[in-house]
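Peer 1: Just so you know, the protein sequences line up as chains A, B, C, D, E and F, in that order.
So for the first sequence, full-length UniProt numbering puts the first residue at 1; every next one is plus one.
So for the second sequence, full-length UniProt numbering puts the first residue at 1; every next one is plus one.
So for the third sequence, full-length UniProt numbering puts the first residue at 1; every next one is plus one.
So for the fourth sequence, full-length UniProt numbering puts the first residue at 1; every next one is plus one.
So for the fifth sequence, full-length UniProt numbering puts the first residue at 1; every next one is plus one.
So for the sixth sequence, full-length UniProt numbering puts the first residue at 1; every next one is plus one.
There may be inaccurate statements among the hints.
Identical chains blur together in the list; that is why a pair holds if it fits in one copy or across any two.
What the hints assert, rightly or not - Keeping only pairs whose Cα atoms sit at most 20 Å apart, straight-line, the calculated SDA-like set for lysine to any residue is:
id, residue 1, residue 2
1, K217, G188
2, K162, I21
3, K162, E191
4, K151, Q165
FYI, nobody ran anything at the bench for these hints, they're computed from the structure.
Protein chains: 6
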Amino acid sequence: MELAVIIPVLAMSDEMIRARIELLREKALPTTQFHIYQSQRGPGAIESRCDRQLAGDEVMRLSCQAQRDGCAAAIVWCAGDPAVDAARELVDIPVIGTGEAGMLFAYHLAQNFCLLTGDEDLAATSYDVAVRSGLGRRMVSIRGIQMSVEKLRTDREAALEKLAQVAEEAVRQDGAHAFVFGCLALTGMGEALTERIGLPVVDSAHCAVSLAESLVKMGLRYSRRTYAAPPVLPENLRL
Amino acid sequence: MELAVIIPVLAMSDEMIRARIELLREKALPTTQFHIYQSQRGPGAIESRCDRQLAGDEVMRLSCQAQRDGCAAAIVWCAGDPAVDAARELVDIPVIGTGEAGMLFAYHLAQNFCLLTGDEDLAATSYDVAVRSGLGRRMVSIRGIQMSVEKLRTDREAALEKLAQVAEEAVRQDGAHAFVFGCLALTGMGEALTERIGLPVVDSAHCAVSLAESLVKMGLRYSRRTYAAPPVLPENLRL
Amino acid sequence: MELAVIIPVLAMSDEMIRARIELLREKALPTTQFHIYQSQRGPGAIESRCDRQLAGDEVMRLSCQAQRDGCAAAIVWCAGDPAVDAARELVDIPVIGTGEAGMLFAYHLAQNFCLLTGDEDLAATSYDVAVRSGLGRRMVSIRGIQMSVEKLRTDREAALEKLAQVAEEAVRQDGAHAFVFGCLALTGMGEALTERIGLPVVDSAHCAVSLAESLVKMGLRYSRRTYAAPPVLPENLRL
Amino acid sequence: MELAVIIPVLAMSDEMIRARIELLREKALPTTQFHIYQSQRGPGAIESRCDRQLAGDEVMRLSCQAQRDGCAAAIVWCAGDPAVDAARELVDIPVIGTGEAGMLFAYHLAQNFCLLTGDEDLAATSYDVAVRSGLGRRMVSIRGIQMSVEKLRTDREAALEKLAQVAEEAVRQDGAHAFVFGCLALTGMGEALTERIGLPVVDSAHCAVSLAESLVKMGLRYSRRTYAAPPVLPENLRL
Amino acid sequence: MELAVIIPVLAMSDEMIRARIELLREKALPTTQFHIYQSQRGPGAIESRCDRQLAGDEVMRLSCQAQRDGCAAAIVWCAGDPAVDAARELVDIPVIGTGEAGMLFAYHLAQNFCLLTGDEDLAATSYDVAVRSGLGRRMVSIRGIQMSVEKLRTDREAALEKLAQVAEEAVRQDGAHAFVFGCLALTGMGEALTERIGLPVVDSAHCAVSLAESLVKMGLRYSRRTYAAPPVLPENLRL
Amino acid sequence: MELAVIIPVLAMSDEMIRARIELLREKALPTTQFHIYQSQRGPGAIESRCDRQLAGDEVMRLSCQAQRDGCAAAIVWCAGDPAVDAARELVDIPVIGTGEAGMLFAYHLAQNFCLLTGDEDLAATSYDVAVRSGLGRRMVSIRGIQMSVEKLRTDREAALEKLAQVAEEAVRQDGAHAFVFGCLALTGMGEALTERIGLPVVDSAHCAVSLAESLVKMGLRYSRRTYAAPPVLPENLRL
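Chain A extracted, bound-state conformation (with noise of 0.2 Å):
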């Protein structure tokens, strides 16, 4: 299965881009293909409503892209889920928005669930996802764990001690029951931390994969009632 994987912003070199799908493939089929969309233009990182917004016209371009390519399916690369429902509108295929693909996961495995992100403050975003999808419902909290991005890609180590620390002080004083990612730069790191606490850690990037994966093999796709095609679209929307 060719597989587009669409990464809305520019801070991520080659290199770390391809370290991701690394991480994406130990979770994926043998038999799926990778292929990396990287928008144009856009931020650099997205850590509020505005850079969500900066980054979607660039996510609808590149679905359209990955269609036209023969991808069966879309993920985008973000727990902000930019502009996921307008590209839903746009093409036939699946475009899996990864942060909703977390909570799904999260929400069905736990009477409740606490969002683990880099830093809370930054997390409107996945504030937003948790309302619109209804899933917030079980959602007892948003914890960060204060670390500098940089920090957490060379020193996985420490960034454990500490995923482990927050979910703790979430199952004490929150109630948490399971664990959800809603920071991309947390990804891989869901096993080891379960092992940590003996709760489940949902790694929503590869429920992002899993969930296109699923979809695909169904035959399924987003209702057309929910997300009818657009009366009117510019030249580089149309299929």
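Using the hints provided, position chains B, C, D, E and F relative to the given structure of chain A.
Peer 2: Here is chains B, C, D, E and F on its own, set in the frame of chain A:
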């Protein structure tokens, strides 16, 4: 009070815009001055989530411009509220979404309401406003009058007739207690329709102006904990 | 615009009432004229549901009187909103509940809010307003400053100090994003507190005036399907 | 057990009241003694929120009188529950709202229910009971039988016929699973209607008596944190 | 009235059961006769969803037996309400779940409640009762007293002490207004605890008896549209 | 991956089961191996809460057996999800409820959905799944096709015709945006129906398989705080 009116679509001629400003003036304070900020790029009209996304960048840029120009608040002329939440992060003046403003008044005036629009199949952005704001809990239906915007503009009497007929269906079939316009092409017809059907019909554009005037008078703005300033921004969005 | 201010309690001297009207005038339109309608019987203050009931008959009578006198709208000077819904059935002018008006703005300005009041143990009527209006879905807490109304009146600086302290607790412990006054003795302190804490503090009495002015300007009133005219009425409540 | 029945309206003759007490006795414990407390002033009937307000002062006064007289509990003979929450603040005995009592049983017996009443346009107070108690989440509709109270009293067979017809419509059109009376003029017809339609029909007045008996037997009363004693009271409301 | 008490667990000796029936009798009508129906197989106690499932078949069988024997209603002696909904499908008499009965009263008596139990980690079945019945909307917390059932039985004074302490924590930390027992080993301690803490403590087992008596008196049973008779049944479950 | 398929009913011949496994295989991963675990006792089919209870003990026993045999996950072949929550307490492998799995996908793919089943009067267990999981918030209706399972099996074309007709009614009358099968006799007809009506039709059994494969791949299991291991168990349920 200097009030920015952001027109996030291209398909409105200067004359049409002037006519709309005249409508706004009718219910505005005598001291309110309207300043037009029209998009330079984006969709002709907003009929889908794609259009909403395509319109959003300019809403952010124009909100910044309005603040720089000394406007006390900005209203966005579209009931789908494109990038209104992003703009609230950017600027310190209130940015009012016309759709949410109308629903806020409709929510307040009755136990429930029906949203009236041109074509209910193009109302996904209004549906999203209802969900995100939580005001949709009192929305019993979305009903369209199936009349082209052209027809609507040239034949107000026929439009009013059709609105009254659809509103009465909403009363009978959905148990509606009040109405709100989900399409700004209907602006200015609220009072006449109210008279016809004897129930409140909320003219969303007037509500947006009124809400802006109220917030400015009271020195209120949106919460910076809900709409935190983005940590990084492109140059054209800095104040 | 002639605006009735219904004072549903007996314990306010003419001087105190005049002082409050002065506060209202600060945020009102220059053309708004306030007319005082004070209860002839009822409770000294409204600190319980009993007081709310005891105050209600006069609110109905005075609403009728206000309409007969040609007032364009009435606001009820108490955040517990005594008999406001009953008065809406009686008269054709909008009758605004101060409590609901404040919550409407607080609901709109932030993802959630905390209600600040004198004594949280006397806030049952505010709790009821939150439940009945549905706006309580975003109310994260009710917090009192435990200061007598006397003290509060004579030592504004101390009151402000205490409010800031309690508000900061609400931010820290309840995650509050905005505030609303649930006690009108706090009227006029919203802006100063906003400045202190950097988050919106909604001054409910000002909101009630603003909402009344908005509805009158737009020709809107409460739905007659939600607030149907009573079939039979005592003589003193007929218009 | 001495049980107060507070009649909050004037339009019931002694004979009518006696007839109703006979109906109550049929489902009450043999040891329950009913004591009538009738309003001295207030509305003839309760058909609006105005009527509810006008009836409330006497409900408070009579609740106090009932406690002073040694009654173990009081029920208020009106499904709009006038001043029931205020009375709970005043006295230490349970004060039962007939409307809420009926809904509590209907909520419990089925997945949803329809409220049957004389005229659905006079049911605003029942709607309020549903909202305030939260029990309205299972209320699928309010349906009236459009029969005058006179007719209803003199022609029980016709009333039953009409109730059965309206209930069947509610099953077919609203998917109703159970019924509750929202008008006490229907008291005593629950069992016959249950037999006719084969679904539970909750007779609210009987539920109020049963609930009162249960609370008294178990030594339970309403929470003093929800219904705190008012700090100040007029003399006639002191115990 | 003949009332079946179904004991769905094996670990209660005849003496223990007799002691519990004595407790029930204290709050029951003098004319109520209790008939014990004890499981022949199933779990010792119900501390998990597994136990609830293992206990369920016997609850169904014994409900049928109770109806055949002429009982007017049955109550199931376990706050986890094993197979209560299934039993309601089977028989025409009301089958009362002790857990739901207690929550119904707690819901009614206060704006919110805390569930008190032996060990909150064994309260999953109570959590399920709260979700399924919808009554959990007012449940602010589940708190355990961490005392073995043995200890609890032999040292009532210590149990009461611990309950009071935990309840006060719930008031302070969760804002609880009332309490309900989620473990029937606490039966009979409600009144003493109520006295200690001055807030209603609902003794679920007494509520179940009271509710059964009320339904029988009023001729009410569960809706056959919510609990339809199963089309096919094994022989031992036929009436 | 070794995947257990638990058949909790007796009325399926080996041939029928083999046919169903073939259907599952069509959408499963090539590496997935299905292992049948059929109940030795219990109901023929699951058409009521009684049947669900009667089927549950075997679901628990067979889940244990599946784990002992080294299966990576188990799915329960019934959309009423018998004892799925109990089984999750028992074993460490994921136990998937087919009903909840289907609803999870339907919830995700559209703003709302209609549940399609054989006979809507036998769908109480599906209703319970919707309530317990919270996914029912987006369920607008349950509609049956009123066709015997026999007929359904032998005349797929007629069944498809009937499904399309009922689905179109759901679109028109309930505003449905997507569909989910609430009866596994419909398995395998989702894609054909999707083609007919142009809206997503979620085939619950395929979703259960997909979800199981996803969880196993990602190393995720249900939260042990939501599904705590029971403290005591009968011998046959120990691992």
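Peer 1: Tell me the hint numbers this structure goes against, listed in increasing order.
Peer 2: Failing hint: just 2.
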